[in-house]
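A.B. asks: Take a look at the letters that make up each chain.
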Amino acid sequence: MKELDLVIIGGGPAGLAAAVSAYDAGVRSLLILDREQQAGGILEQCIHNGFGLHRFGEELTGPEYAARYIDEVKKREIPVQLETMVLDLQPLPDGSKLVTAVSSGGMLELKAKAVILAMGCRERSRGALNIPGTRPAGIYTAGAAQKFVNIKGYLPGRRVVILGSGDIGLIMARRMTLEGAKVEAVCELMPYSGGLNRNIVQCLEDFGIPLLLSHTIVEIHGKERVTGVTIAQVDENRRPIPETRQEIPCDTVLLSCGLIPENELTTAAGIPLDPVTSGAVVDQYRQTGCPGVFACGNVLHVHDLVDYVSEEAALAGESAAAWLRGESLSGESVSLIPKDGVRYLVPQQLRLPLKDDLRLYFRVGAIYDKATVEVRCGEKLIFSRKRPRLVPGEMESLVLKKSLLEGLDGPLTVGLSLEGESK
Amino acid sequence: MKRNLTCIVCPMGCQLEVELEDGKVTRVTGNTCKRGEAYGIAECTAPTRTLTTTVRVSGGTQPLVSVKTAAPIPKELLFDAMKVLRKLTVAAPVALGQVVMEDLCGTGIGVVAGKEVSAR
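Chains A and B are the protein sequences, given in the same order.
Positions in the first sequence are counted from 1; adding 70 to them yields my numbering.
Positions in the second sequence are counted from 1; adding 760 to them yields my numbering.
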């Protein structure tokens, strides 16, 4: 059995950035495994621009952003094994990890001292959404349609209704329109869009595509092929209002209803997950509950911007290198608990003492105007910052100075206090 | 006259307020960077967009290559540009950054490949 210091599962933006930073921190025995024919992950099909503004200070398309990291990996001669799908991950009694994969060459077993989980996420499908109706052809996730159009060169339909206003849905509304399809509407169950503001402007408003907030598809029609959908407005409890039902003829339905981190391997390894992020519970090093296993990118929590994926992955790569050098990444554990409007926090745990300043990522559960983000230890306010507007579709972050967190004596909470509310 | 816009220069999406007099921009507020101001002015006078799409590749390991306009083009030309690019086929190998069309629809703006496609 081949033995390695570090195996990175996934060769998308997270896996590539993690590999580069692990290498730069001294790791030489490492391997990236990816199931696709090329590295780069989902970026390969994201041909629109807007990637890399934070990381590189310029606007790149997805393939261009991926190419930068693929180049860095090549320069360092870090091996990437493609068309190889990891099937199982098991911690061994000696502290190493057994990675079982399959490729055209057959079964592959690797023994790794450390593993970085960078498997990304997948889209919520029709089955997961429970949309009633028949089962005709013409129902795709937005990402599947994106692959057909941008990689394969097929237009999956001519008259389209999109359910969900996540960024991929918005991007595909524009893409299908430019390629000659008519996008009848984008229906969003929530009273606000989950996508970036700029995408609502440049993907919908630019083309006069209606965004129907608080609307959902209640039925899909058609026997062989989709012939139409019935949509309806929903009430505040997200239940369809029968009087508002209307039928829209179309031949294609695209679903952009959220992303789910792909954590089957994490679960198989017995690593605890956060029920809100659906990713592993990690500490500030991005180390999971299994020592020597790290996680980063969309498999840990779904990001909106790849720039932050790269940043998080670099941290995971450095941490894995430190762990392999025998540096202690353990220490007294303190929980980070989201409350009052904050839906989740990453990391979920701190290992004390902190070696560096702490960057916290979080998402809110609704739209809040003029809110103050408050970090507390018990009743004691440690940090607060005013934000003009917080929306669920945009991940937030804040940096806590190391000195602020010295002498913590209990869990930290992060919550919102709204203007006019006294606490 | 005032126009409220969402800036699309970067993912921050600043809310801009553009003040106009006789079709000329007199003031842009709400932006957090200079590019936002430039966007506010351009959007109210001559709106432009960077077009990203794909063109066919012959003899390549992949059927398509992703491309983008080297600079933003006038917004009203987006569909004309798509029509032209739909007819274009480039021969593999295609290099990252290769100019696949010199002048798109008389704009003087080129179209460049966003990835590498090797020959089959």
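Keep in mind that a hint or two might mislead.
[Unchecked claim] A partial selection of chain B residues facing chain A, derived with a Cβ cut-off under 10 Å:
no., residue
1, Cys774
2, Thr805
3, Thr812
4, Thr813
5, Pro834
6, Leu837
7, Leu838
8, Lys875
[Stated by the list, open to error] Calculated Cβ distances over 10 Å to all of chain B for the following chain A residues:
no., residue
9, Pro280
10, Ser473
11, Leu478
Keep in mind that the hints were calculated from the coordinates and are not lab data.
C-beta atoms are modelled at their ideal positions from N, C-alpha and C, and glycine is treated no differently.
A.B. asks: Hint by hint, note whether the structure agrees.
C.D. replies: The hints, checked one at a time:
1. With a least beta-carbon distance of about 9 Å to chain A, the hint placing cysteine 774 of chain B at the interface is held under the 10 Å criterion.
2. Taking 10 Å as the C-beta contact cut-off toward chain A, the hint placing threonine 805 of chain B at the interface is violated, the least distance being around 16 Å.
3. For threonine 812 of chain B, the interface hint holds, since its Cβ comes within 10 Å of a Cβ in chain A; the closest pair sits about 5 Å apart.
4. With its C-beta approaching chain A no nearer than about 6 Å, threonine 813 of chain B sits inside the 10 Å limit, and its interface hint holds.
5. Annotation: interface hint on proline 834 of chain B violated; nearest CB of chain A at approximately 13 Å, more than 10 Å.
6. At its closest, the beta carbon of leucine 837 of chain B sits 12 Å from a beta carbon of chain A; the interface hint therefore is violated under the 10 Å criterion.
7. The criterion of a C-beta within 10 Å of any C-beta in chain A is met by leucine 838 of chain B, whose closest approach is roughly 7 Å, and the hint holds.
8. Because the smallest distance between the Cβ of lysine 875 of chain B and any Cβ of chain A comes to about 4 Å, under 10 Å, the interface hint for this residue holds.
9. Its beta-carbon lying about 17 Å from the closest one in chain B, proline 280 of chain A satisfies the requirement of being farther than 10 Å from that chain.
10. For serine 473 of chain A, the requirement that its beta carbon stay farther than 10 Å from each beta carbon of chain B is met, with the minimum near 28 Å.
11. Every CB of chain B is more than 10 Å from the CB of leucine 478 of chain A (nearest about 32 Å), matching its label as outside the interface.
Hint check: violations occur at hints 2, 5 and 6; the rest are consistent with the structure.
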